[in-house]
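Residue numbers (the working numbering), protein chains in the order written: chain A, 403 to 722; chain B, 4 to 337.
Keep in mind that a hint or two might mislead.
Residues from chain A shown here face chain B by an in silico Cβ test under 8 Å; the list is partial [to be verified]:
#1 424
#2 444
#3 581
#4 587
#5 589
#6 611
#7 653
#8 654
#9 656
Which residues of chain B face chain A? A partial, calculated answer using Cβ under 7 Å [stated by the list, open to error]:
#10 176
#11 178
#12 191
#13 217
#14 219
#15 220
Rather than coming from a laboratory, the hints here were simulated on the basis of the structure. Heads up, the beta-carbon is just placed ideally off N, CA and C, and yes, glycines get one too.
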Amino acid sequence: MTALLTVEGLTKVYATPRGDLTALDDVSFSVDRGEAVAIVGESGCGKSTLALSIVRLVAATRGRISFDGLPASQFQHVSPRRLALLVGMVFQNPYASLNPRMRVLDSISEPLRIIARRPRNVAREQAAALLGSVGFGPETFHRFPHELSGGQRQRVAIARALALNPGLLVLDEPTAALDVSVQAQVLNLLADMRATHNLSYLLISHNLATVEHVADRVIVMYLGTIVESGPVEQVFARPRHPYTRALLEAVPRPRMGAQHGLARLPGEPTSAIDRPPGCPFAPRCAYRTGTCDSVPPVLTAGADGRQLACHHPLNKAFEP
Amino acid sequence: MTDAPLMTIRDLGVTFASRSRQFVAISGVSFDLEAGTVLGLVGESGSGKSMTALAILGLVPPQGAVTGSIRLDGIEVVGADKSTLRSVRGGVAAMIFQNPGAALNPYFTIGGQLTEIVMRHRRVGRAAARAILVGAFGDTRLADPELALERYPHQFSGGQLQRIVIATALACNPKLLIADEPTTALDVTVQAQIVDTLRELARSRGLGILFITHDLGLVGALCDRVAVMYAGRIVETGRVQDFLEGPQHPYSERLLAAVPRFGGPGRLATIPGQVPDASVARKGCAFQPRCQYAMPVCATQSPPVLRSANGAVVACHFPRNGASAGADRTGGTS
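Starting from the given sequences, assemble the full structure and let the hints guide the process.
The structure is reproduced here in structure tokens:
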């Protein structure tokens, strides 16, 4: 497979009154054509900053992003109109991401008219076909967002993101606001759309079970850096970074029983303003040694397609 | 347990009426909550979970008509006067919400806004109230409890704020804690810490917890018993282990199948159709239009309330696992 999206050395520093906040520190990865890559981590790990800098809603401080044969020097100057044709985005909250004063069909035909420059009637036909493909009948085309449930709104948001036929969809916690039965519908829809449109996904999520359902590859972030990455089944079955394992252990599972303590990981992430000089995870890590406090571990690729940044990698299977 | 449950709810209903339509928010809700146990109240948005919680605290909006009975620690809450309700709220039952940031005033320090609550409920002076708060912060494992009183809400993380809110609720020594999706806004590792804290508090203080959630993983990890709501009614109650291994109601079965889980099937089971409109009067079982096992009787007659051998109670004509029409019928709902 060829890389659709390549991110190299992406860094984002926010200047704050208390000092520089490094939200992303030298992050590099790629997404292949047709591949679904998930980025997981806690609040403040930089996963949303990463997603937003790809669609240029955040201006990166340093780093290069190349896309679909466009070198970074060209991609960074692509017009917003052209960018919308390349990358689609679905946000977490479908209550906030749809225009409350636009009917569903208009929300989807508008980008087709304005950005793809389709004539009005063609745009409406295409929008109707898209709505049909995400499971809406003609009776819903002229409804307003407030007349739809959360799951229906998220399906409209997905249809709109697909309208311009982008190669990559950036999905920022697409099911976090939905009920479990509706979440299942949306996850199934995402799987169908990926197959029929030959799409690539960059999924931002903190729900590891959702990640397992949607993604081929997972990238685990902590305090603005990648600590581990690799194929989802392998990383979840044999996590090598202590942080990945702690994340997996914290997931409540229906059959675990109430006698089982959930929390293995004490505390919360360190502030991104006062980053530790060594490994960012060291202050919370059970395997910490003197090296971890002074030497930042380097993200190193193994032969098995996995990457790891840890001085003391784990090597045992994870059984929930 | 031999003595009466901490809370007994029987045939609770909340109805809102306008000139043209009647909106039944909840009806026929019956369940018990024992001291020292955690009951998970599960259901989708609009199923009536939060309305049930509001009714327990006497906080149903005045347009709503409340019927039935809620006995909480010997006090009847339905129809109680204002002074009784004031002693129930905070004193007997406390509630925490999804977004702890919204529960605190950003303009005041933590101590500045919470000390008076404790002074009023515990009838103590300022210094004693501050000491109680510091102790409660310690119980919920908040770091640096003394310093916390002098700081403002924005200086804490979401997980820390939720600890502060839980501690404040507990500082008034309630017997029941109602937690409405308290970990939805938190990271999974922080959620794990809060869940462990809540379970510890239930065991060590004999606190009864009504844990409202739509996360069945959390139900398995925290709760002793579960009550499943659908369209304003309880469709199933029982022990969590029995519920997870053999759900009785078809809705519970579908809900469990829809949860994405590790190593699960590639395609998730969904529940076709939508939650019914509460303003439309209906005959029969509310889940019938979406139920794969529905028979003609389901559309015409309200489901019987059946009890299975393991104590699970289900409102269904054709329960899935064991509870049969031959089992004894229990009261409460009709």
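The hints, checked one at a time:
1. Hint status for residue 424(A): violated, given a least beta-carbon distance of 18 Å to chain B, over 8 Å.
2. Taking 8 Å as the C-beta cut-off, the interface hint given for residue 444(A) holds, the closest approach to chain B being about 4 Å.
3. Given the 8 Å rule on beta carbons, the hint for residue 581(A) holds: about 4 Å separates it from the nearest Cβ of chain B.
4. At its closest, the beta carbon of residue 587(A) sits 5 Å from a beta carbon of chain B; the interface hint therefore holds under the 8 Å criterion.
5. Because the beta carbon of residue 589(A) sits about 6 Å from the nearest beta carbon in chain B, less than 8 Å, this interface hint is met.
6. The closest approach between the C-beta of residue 611(A) and any C-beta of chain B is roughly 4 Å, which is under the 8 Å cut-off, so the hint is satisfied.
7. For residue 653(A), the shortest C-beta to C-beta distance to chain B is roughly 6 Å, which falls under 8 Å, so the interface hint holds.
8. Interface restraint check for residue 654(A): the shortest CB-CB distance to chain B comes to about 4 Å, inside 8 Å, so the restraint holds.
9. The closest approach between the C-beta of residue 656(A) and any C-beta of chain B is roughly 4 Å, which is under the 8 Å cut-off, so the hint is satisfied.
10. Here the hint on residue 176(B) is broken, as its CB sits about 24 Å from the closest CB of chain A, past 7 Å.
11. Among the interface hints, the one on residue 178(B) is violated; its C-beta lies about 20 Å from the nearest C-beta in chain A, farther than the 7 Å criterion.
12. This hint holds: residue 191(B) has a C-beta 5 Å from the nearest C-beta of chain A, less than the 7 Å allowed.
13. A distance limit of 7 Å between C-beta atoms decides the matter here; for residue 217(B) the minimum to chain A is near 6 Å, and the interface restraint holds.
14. Proximity of residue 219(B) to chain A holds as hinted, the smallest CB-CB distance being about 5 Å (cut-off 7 Å).
15. Because the smallest distance between the Cβ of residue 220(B) and any Cβ of chain A comes to about 4 Å, under 7 Å, the interface hint for this residue holds.
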